[in-house]
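Asks: Residue numbers (my numbering), protein chains in the order written: chain A, 1 to 371; chain B, 1 to 371.
Keep in mind the hints are simulated off the structure, nothing from the lab. All clues given are correct.
Since the list can't tell identical chains apart, any single copy or any two copies may satisfy a pair.
DSSO-like cross-link-like pairs, simulated, lysine-lysine; straight-line CA separation at most 30 Å: (1) K106 x K69; (2) K69 x K113; (3) K319 x K45; (4) K142 x K160; (5) K312 x K45; (6) K274 x K127; (7) K49 x K312; (8) K69 x K45; (9) K45 x K355; (10) K69 x K109; (11) K233 x K113.
Spelled out from the first residue to the last, the chains are:
There are 2 protein chains.
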Amino acid sequence: MTDRSHNFGAGPGVLPEPVLLQAQQDLWNIAGSGIGIAEHSHRGKVFDKIILEAEDEARRLAGIPDNYKVLFIQGGATQQFAMVPMNLLPAGGVADYLLTGVWAEKAWKEAQKFGTTHVAVSGEGSKYTRIPAVAEITYSAKPAYVHLTTNNTIYGTQWKTEPPVPLGVPLVADTSSDMFSRPIDVSKYGLIYAGAQKNLGPSGIVMVIMRADLADAAPAALPTMLQYRTYLKERSLYNTPPTFAIYMVGLVLKWIRETGGLAGMAERNAEKAKLVYDFLDQSALFQAPVHPDSRSLMNIVFRCPTEELDTKFLGEAGKRGLSGLKGHRSAGGMRASVYNACPRGSVVALVDFMKEFELANPVRAGASGQV
Amino acid sequence: MTDRSHNFGAGPGVLPEPVLLQAQQDLWNIAGSGIGIAEHSHRGKVFDKIILEAEDEARRLAGIPDNYKVLFIQGGATQQFAMVPMNLLPAGGVADYLLTGVWAEKAWKEAQKFGTTHVAVSGEGSKYTRIPAVAEITYSAKPAYVHLTTNNTIYGTQWKTEPPVPLGVPLVADTSSDMFSRPIDVSKYGLIYAGAQKNLGPSGIVMVIMRADLADAAPAALPTMLQYRTYLKERSLYNTPPTFAIYMVGLVLKWIRETGGLAGMAERNAEKAKLVYDFLDQSALFQAPVHPDSRSLMNIVFRCPTEELDTKFLGEAGKRGLSGLKGHRSAGGMRASVYNACPRGSVVALVDFMKEFELANPVRAGASGQV
Numbered sequence: 001m002t003d004r005s006h007n008f009g010a011g012p013g014v015l016p017e018p019v020l021l022q023a024q025q026d027l028w029n030i031a032g033s034g035i036g037i038a039e040h041s042h043r044g045k046v047f048d049k050i051i052l053e054a055e056d057e058a059r060r061l062a063g064i065p066d067n068y069k070v071l072f073i074q075g076g077a078t079q080q081f082a083m084v085p086m087n088l089l090p091a092g093g094v095a096d097y098l099l100t101g102v103w104a105e106k107a108w109k110e111a112q113k114f115g116t117t118h119v120a121v122s123g124e125g126s127k128y129t130r131i132p133a134v135a136e137i138t139y140s141a142k143p144a145y146v147h148l149t150t151n152n153t154i155y156g157t158q159w160k161t162e163p164p165v166p167l168g169v170p171l172v173a174d175t176s177s178d179m180f181s182r183p184i185d186v187s188k189y190g191l192i193y194a195g196a197q198k199n200l201g202p203s204g205i206v207m208v209i210m211r212a213d214l215a216d217a218a219p220a221a222l223p224t225m226l227q228y229r230t231y232l233k234e235r236s237l238y239n240t241p242p243t244f245a246i247y248m249v250g251l252v253l254k255w256i257r258e259t260g261g262l263a264g265m266a267e268r269n270a271e272k273a274k275l276v277y278d279f280l281d282q283s284a285l286f287q288a289p290v291h292p293d294s295r296s297l298m299n300i301v302f303r304c305p306t307e308e309l310d311t312k313f314l315g316e317a318g319k320r321g322l323s324g325l326k327g328h329r330s331a332g333g334m335r336a337s338v339y340n341a342c343p344r345g346s347v348v349a350l351v352d353f354m355k356e357f358e359l360a361n362p363v364r365a366g367a368s369g370q371v
Numbered sequence: 001m002t003d004r005s006h007n008f009g010a011g012p013g014v015l016p017e018p019v020l021l022q023a024q025q026d027l028w029n030i031a032g033s034g035i036g037i038a039e040h041s042h043r044g045k046v047f048d049k050i051i052l053e054a055e056d057e058a059r060r061l062a063g064i065p066d067n068y069k070v071l072f073i074q075g076g077a078t079q080q081f082a083m084v085p086m087n088l089l090p091a092g093g094v095a096d097y098l099l100t101g102v103w104a105e106k107a108w109k110e111a112q113k114f115g116t117t118h119v120a121v122s123g124e125g126s127k128y129t130r131i132p133a134v135a136e137i138t139y140s141a142k143p144a145y146v147h148l149t150t151n152n153t154i155y156g157t158q159w160k161t162e163p164p165v166p167l168g169v170p171l172v173a174d175t176s177s178d179m180f181s182r183p184i185d186v187s188k189y190g191l192i193y194a195g196a197q198k199n200l201g202p203s204g205i206v207m208v209i210m211r212a213d214l215a216d217a218a219p220a221a222l223p224t225m226l227q228y229r230t231y232l233k234e235r236s237l238y239n240t241p242p243t244f245a246i247y248m249v250g251l252v253l254k255w256i257r258e259t260g261g262l263a264g265m266a267e268r269n270a271e272k273a274k275l276v277y278d279f280l281d282q283s284a285l286f287q288a289p290v291h292p293d294s295r296s297l298m299n300i301v302f303r304c305p306t307e308e309l310d311t312k313f314l315g316e317a318g319k320r321g322l323s324g325l326k327g328h329r330s331a332g333g334m335r336a337s338v339y340n341a342c343p344r345g346s347v348v349a350l351v352d353f354m355k356e357f358e359l360a361n362p363v364r365a366g367a368s369g370q371v
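Chain A extracted, bound-state conformation (with noise of 0.2 Å):
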C-alpha cells in the first residue's frame, strides 16, 4: 500500500483507503448478486438498500431530525447557487448572503437571476482573510432566507459556528468543502447542501439535507430536476441517479461512523489541523495569511516570502509525493487540504517535509514579511 501518494487535493479529494478497497471489489460483483454496483438497476432490491443505507447513515450521524429530508442531486454546489433561489425565494422576496469568498460570491451572483439579494455582510475589504464578526453582520428587514458558504475553500477560512439569524428565517449552508468534518445541529438549518467530493465520496453528487416542508412553495413551472419536490416526493429516485456515487457516499458515511462518528471526526481533524498551524505559527519562512480565529480546518493556506520559493516548494514536494499542495489559481502560494478521509500520517509527512524545506531554505535577515 505504499504505492500511494499523499494527496491534499482540495477536491475531488482523496478517499479513505478502506473504502477504496470495498468499492474495487463491489464494481465487479456487489453481495453476491453476480453484479456490479454500477451496473444494478436503481429500482432493484440491492440499490435500494444502498441508498436507503447512505440516507441512514447521513441520519444517525448528524441526528437529523425526522422533518429533515436527505436528498441526492446531480450537478454540484453549482446547480445548487440556482436551485435555492429558484426553489425558496419568492416574488418580491429578499435573499439574504454572507459573503466570505469565492464560492459565496458565486452562490450570490447566480442567486441575482432569479430575484433580489441583499449582501449583510462582505469580507472583500480583509480580502477574505478572516471571517466577519457577528457584529458586522446586516440583515435586511425580512429575509426569505438567510445563506452562508460554511468554509471557504481558496482563502482557508471556516466560520466556528453557524452566525445568529433573524428569527424563523431558515439559514441556508452551503457546507460542500466541512461537511461531516465536526457535529453539526442540523435544526439550525433550512437546507444544508454539500458536493460530496471533498469529505463524502466522489464527484457528482451533492447531498442536500433540508426542512421538508420548505419544498412547497417553489413554482410548478420550474424545471422538474431543479425543484426540490421532486426528490423529497420520489427520494431522490424521480430518474435515474448517480448510482455509483452514492454507494460510495454510503460507504464514506459508514467508515465516519466506524472510525468515531463526527465527534471522533472533528477531534482528528483539529488535530490534523494543528500539527500544521503550530508549524506556520513558528516558521521564519512560511506565513499563514489567514486570521488565527478564521482558520479553516479542512483547507490551510500558507506561502513563502516569494513566489520563486512557493514554485521550489511545490516541485520538491510533489518528488516526495505530497501532491495537491498548489494554492488555487487566484490566491497563489500553497494550500493544504486536509479532508476527514486524509491520513495524519501524511499530513505528518508535511509538516517534516516543511521543516527539512526550511532549514535548506533559511530566511536571510529582510527577506521575509511582506509579500
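Following the hints, put chain B in place on chain A, whose structure we already have.
Replies: Relative to the frame of chain A, chain B by itself:
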C-alpha cells in the same frame, strides 16, 4: 469469472468486463500517479487527459464534424428534457415532438413549461407498438427544432433511420438507449443526448453532441448549469464534473473502438437481437408485441399467454442467473435489454432457457393468442 450473472437490466445496464477490471485497478492508483481516479483533481493533468480522450474517442467513433462539440452534463436525460427547450426554443417559437413512448412523452411534457409545442405524430393509438411511418408526421409551419426518441426502452421500438425534417430545422434526439450501438450520422442532427447508463458507462453522466452555434441563442438568465454554453466554453469543466463517470465513459468508448467501432457493434447487436427475435417468431408460447419493422435491437419485449406464466418464467430465469428480465412496470411481461456490453453468450443462454421453458410449459390448444 463465472461469478457474474447474465444481466439484461434496462439501465443502469451491464458494462464491459475489461472496463470493470481496469476500473478496479484505477480506483486505487491510476497511471502510476499514486492517486485513484476518483481522487484526482478535475484541474490536474491526469484527469484532463481522461476527459480529452473521452471526447476524442467519441469523435473518432462517430466521425463527429468539427462544428459539433461533445459535452458531459449531469442530471440525466430528464434534465435534457428541460435544457433543450430552455436553450433552443425562443419566445414565440414552436417545438415539434414525435411521440413514440413514455420517454418521448416526458420530454414533450417538460418542454411545455418553457414554450409552445406541437405533436407532429403520436403512436399512442397503436399503444406505441410501432414507429410511425414518415407519411403520418405533420410538422408545424416553422419548428424551432424537432425532437425524437431514437429507441423506446419500455415498448421495445426503435427508429431504423432518422425521419426527414423540414430544411434547416435542427433534429434533437434522445439516444439514451441506443447511442453508439450503431453508426450515427451526426451531421443530420442539431443536438444528440444520451444518458450513459445503457450503452456508454455508469449513470450520472449524459453525453451531449451539439452543433456549437445552437448554444448561442439561450437567454443569459438561465441557471448557469442549464446553459449549454457553460459546457462549451469550459470544456464541461466549469465546475467539478463527475470525474469517475467521465473516466468510465472514456473506457467504454475505447472498448467500442477496439472491438470494431460502431460498425462492429451494430453487427454484433443485430446478431444478438436476431437470435431472440427468430426464436420468438417461431415460438408457440412467447409473443412479441412489436411490429417487426419497428423492433428495437436494444430492448426486446415479449410475454407469455398469461401473467402467471410470465411470473413463473421470471422466477426460473432468475434462478438460472438470467437477471433483469422483468418488463417495465407500465408494460408488464418481459424485456431483455441487450445493450452493447451484453455478451452474445448471455443472449444464447437466454434463448436456450426460453426453449427449455417452452418445452416444459407446452401451450394448450386455445390457450395462446390474445392477451
